[in-house]
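Q: With the hints as extra help, turn the sequences into a complete structure.
Protein chains: 2
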Amino acid sequence: MSYPTNEKNQAIPQSPAVSRQVKTRLPRYYRYLKELLDAGIYRISSGKLAKMMALTASQIRQDLNYFGCFGQQGYGYNVKYLFAQISEILGVNDKLTAVIIGVGNLGRAMAQSNIFLSRGINLVALFDKSPELIGKEISGRCIYDIDQLESYLAEHRVDVAVLTLTSTQAQAMAKRLESAGIRGIWNFTNVEIPKMKNVSVMNVYMGDSLMQLCFDIRQKALESDT
Amino acid sequence: MSYPTNEKNQAIPQSPAVSRQVKTRLPRYYRYLKELLDAGIYRISSGKLAKMMALTASQIRQDLNYFGCFGQQGYGYNVKYLFAQISEILGVNDKLTAVIIGVGNLGRAMAQSNIFLSRGINLVALFDKSPELIGKEISGRCIYDIDQLESYLAEHRVDVAVLTLTSTQAQAMAKRLESAGIRGIWNFTNVEIPKMKNVSVMNVYMGDSLMQLCFDIRQKALESDT
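In the order they appear, the protein sequences are chains L and E.
Note that my numbering has the first sequence beginning at 1, numbered continuously upward.
Note that my numbering has the second sequence beginning at 1, numbered continuously upward.
It cannot be assumed that every hint is accurate.
Any copy, or any two copies together, can satisfy a pair, since identical chains are not distinguished.
[Stated by the list, open to error] Derived pair list, reagent style DSS-like, types lysine-lysine, alpha-carbon separation capped at 25 Å: (1) 34 - 23; (2) 129 - 95; (3) 48 - 34; (4) 48 - 197; (5) 51 - 23.
What the hints contain is simulated information worked out from the structure, not anything from laboratory work.
A: Structure (structure tokens):
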């Protein structure tokens with residue numbers, strides 16, 4: 001695996017101690033820089049980027065310095081270069097592959113979206129237990145019998161499993177995937193999959209953002225009451 | 001609107017200056033406390049709750065004190081009471097209503113899930129522009145013509161609009177909803193809806209958590225390389 005270097009050819013620090021906040025911001029940098037590139041903007045100051053992203057300029061400089069991405073005094077950041085760096089740090093160039101486990105509405109929505117492709121990930125297969133679905137295709141990917149999961153994973157390099165199956169099956173499925181050597185689980189089942197030694201886990205709780213929204217609505221009402 | 005009070009009948013501070021971190025943690029408290037209740041656990045120490053939630057006991061005490069939820073020295077927290085308090089703070093008892101705008105796979109998945117009901121929100125209608133969908137029902141909710149949006153919102157109290165329509169229509173739709181007096185937008189379109197004065201906005205970027213997962217996978221690989 002090649003190690004990214006900065007413009008001065010220094011290795012980019014890849015400390016596992018990256019703070020949770022910085023880690024959360026990286027995909028945001030990726031999104032904003034992509035937008036800038038798409039708009040044909042190739043230079044940006046930390047101040048302007050900060051304003052776009054509702055951060056402070058010093059926060060931006062700190063975050064990016066941390067990864068060895070230095071702006072040029074008076075010239076700002078080279079957007080194309082910075083985007084390439086952040087892409088590298090986020091593993092966009094690692095050609096990861098993914099499978100979807102559970103072809104309900106959410107699994108289907110994922111399979112039909114460009115959420116994987118636009119991040120350099122190749123969605124290779126889907127799995128379900130329903131006989132009506134097995135053997136069908138969605139966006140060119142075959143739906144396999146969940147009983148074939150282990151044999152499929154033994155024959156194909158799969159990095160990420162997307163869990164969009166029933167909550168009650170989440171824990172057992174995570175164990176199966178761990179045994180089969182999966183590297184990452186993107187979990188939408190609303191059941192928390194605990195940390196595993198060799199598997200990265202990202203639990204997504206869609207309901208949490210809904211509750212935050214309700215909280216905000218309530219706060220606005222209380223503010224306008226006072 | 002009744003104002004929540006703590007056991008000593010003091011008003012719970014509802015400062016708009018709640019930190020982003022605390023706000024993010026509130027829905028997690030809600031989830032964990034609900035799990036405890038479902039498991040028949042009615043007392044918990046801050047230490048145990050902290051362990052479950054991978055926080056520190058002092059963080060828990062700080063967060064909950066902030067909202068006027070005090071534990072009893074030596075007895076810990078009353079789970080039922082705490083759950084009721086957090087529910088109140090999050091507006092679960094406010095009987096909010098919601099509509100879904102855009103009945104693709106994601107909109108359909110939302111409509112068929114219990115994501116609204118389990119948080120006290122009543123999903124009342126769906127909207128789409130496709131003639132094949134208009135007039136149909138999903139889980140007992142009618143799909144209306146998007147052209148009827150304003151008249152529907154004028155006749156029914158709707159608090160939250162869920163945006164699951166095409167990205168290109170997101171901005172224009174947010175403006176329409178703002179004009180129609182919506183209170184909150186839960187946005188899944190991947191286009192950032194900027195803050196609005198009278199509307200709470202929660203932009204959800206599903207791809208961001210995927211990128212965080214890829215970053216974690218990469219970190220694990222780099223760690224095991226060294």
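Q: Each hint: holds or not?
A: Hint check results:
1. 34 - 23: Close inside one copy (18 Å), not across copies (29 Å); limit 25 Å.
2. 129 - 95: neither (28 Å within a copy, 37 Å between copies)
3. 48 - 34: Answer is within: at 15 Å inside a copy they meet the 25 Å cutoff, but 43 Å across does not.
4. 48 - 197: Answer is between; shortest inter-copy Cα gap is 23 Å, intra-copy 40 Å.
5. 51 - 23: Both ways: residue 51 and residue 23 sit 20 Å apart in one copy and 23 Å across, limit 25 Å.
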